[in-house]
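A.B. asks: Sequence:
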Amino acid sequence: MQGKREAEEEEGKRSEEGEKTAEELLLVGEKFLGEGRYEEAIEIYKEIVRKEPIRPTLAKVCNDCGVAYASLEQYEMAKGFFNAALNLSRYLMDEGISACYNLALLYQTTGEAEKAEQYFKRGEMIKQEHKRRDEEAERVFGAEV
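Note that my numbering has the sequence shown beginning at 305, numbered continuously upward.
These are computed hints drawn from the structure, not numbers from a lab. Take these hints with a grain of salt, some might be off.
[To be verified] Below, a list of computed lysine to aspartate or glutamate pairs in the EDC-like style, where the Cα atoms sit at most 20 Å apart: (1) 435 to 416; (2) 435 to 399; (3) 324 to 334; (4) 355 to 339; (5) 383 to 399; (6) 350 to 377; (7) 383 to 416.
Given the sequences, and given the hints that come with them, work out the whole structure.
C.D. replies: And the structure:
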């Protein structure tokens, strides 16, 4: 199993050979997603997964792929990808807040209000923890200055 640094170096080598890296493809997938080209975004995300990207990229891909499937009203597929993103939440910049909110919206759309509330609350808890940590860091670093 490769370490993160080795994986990043390998991605760099592939890029030099003319093939897009997983991270470069992620930008393409995000563009397609933003343009409403959901099927094309999904194909890009599948290609990224085949490249065995570093975990932060994989976590983002799972969440974005869930958004694409939800937009196509393929809710079971979307749930699977959002849950995969939550399983990788420690690699997400927001630690899974967006995946929680996406699941809450999905469950609300499918009429599962109880589950929607559960994921909304989970997202809010993570958000509050972020706020608490930010305030603590500000207090600590502010005292040192």
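A.B. asks: If a hint holds in the structure, say so; if it does not, say that too.
C.D. replies: How the hints compare with the structure:
For a cut-off of 20 Å, the pair hint linking residue 435 to residue 416 is broken: about 29 Å separates their Cα positions. Our distance criterion of 20 Å between C-alpha atoms is met by residue 435 and residue 399, whose separation comes to about 13 Å. A threshold of 20 Å between alpha carbons decides the hint, and for residue 324 with residue 334 the separation of about 15 Å falls inside it, so the pair holds. A threshold of 20 Å between alpha carbons decides the hint, and for residue 355 with residue 339 the separation of about 24 Å lies outside it, so the pair is violated.
Among the hinted pairs, residue 383 with residue 399 is consistent with the structure: their alpha-carbon atoms are about 17 Å apart, no more than 20 Å. Taken as a hint, the residue 350 and residue 377 pair is honoured in the structure, with Cα atoms around 18 Å apart against an allowance of 20 Å. A C-alpha spacing of about 13 Å is found between residue 383 and residue 416, which places the hinted pair at or below 20 Å, so the restraint holds.
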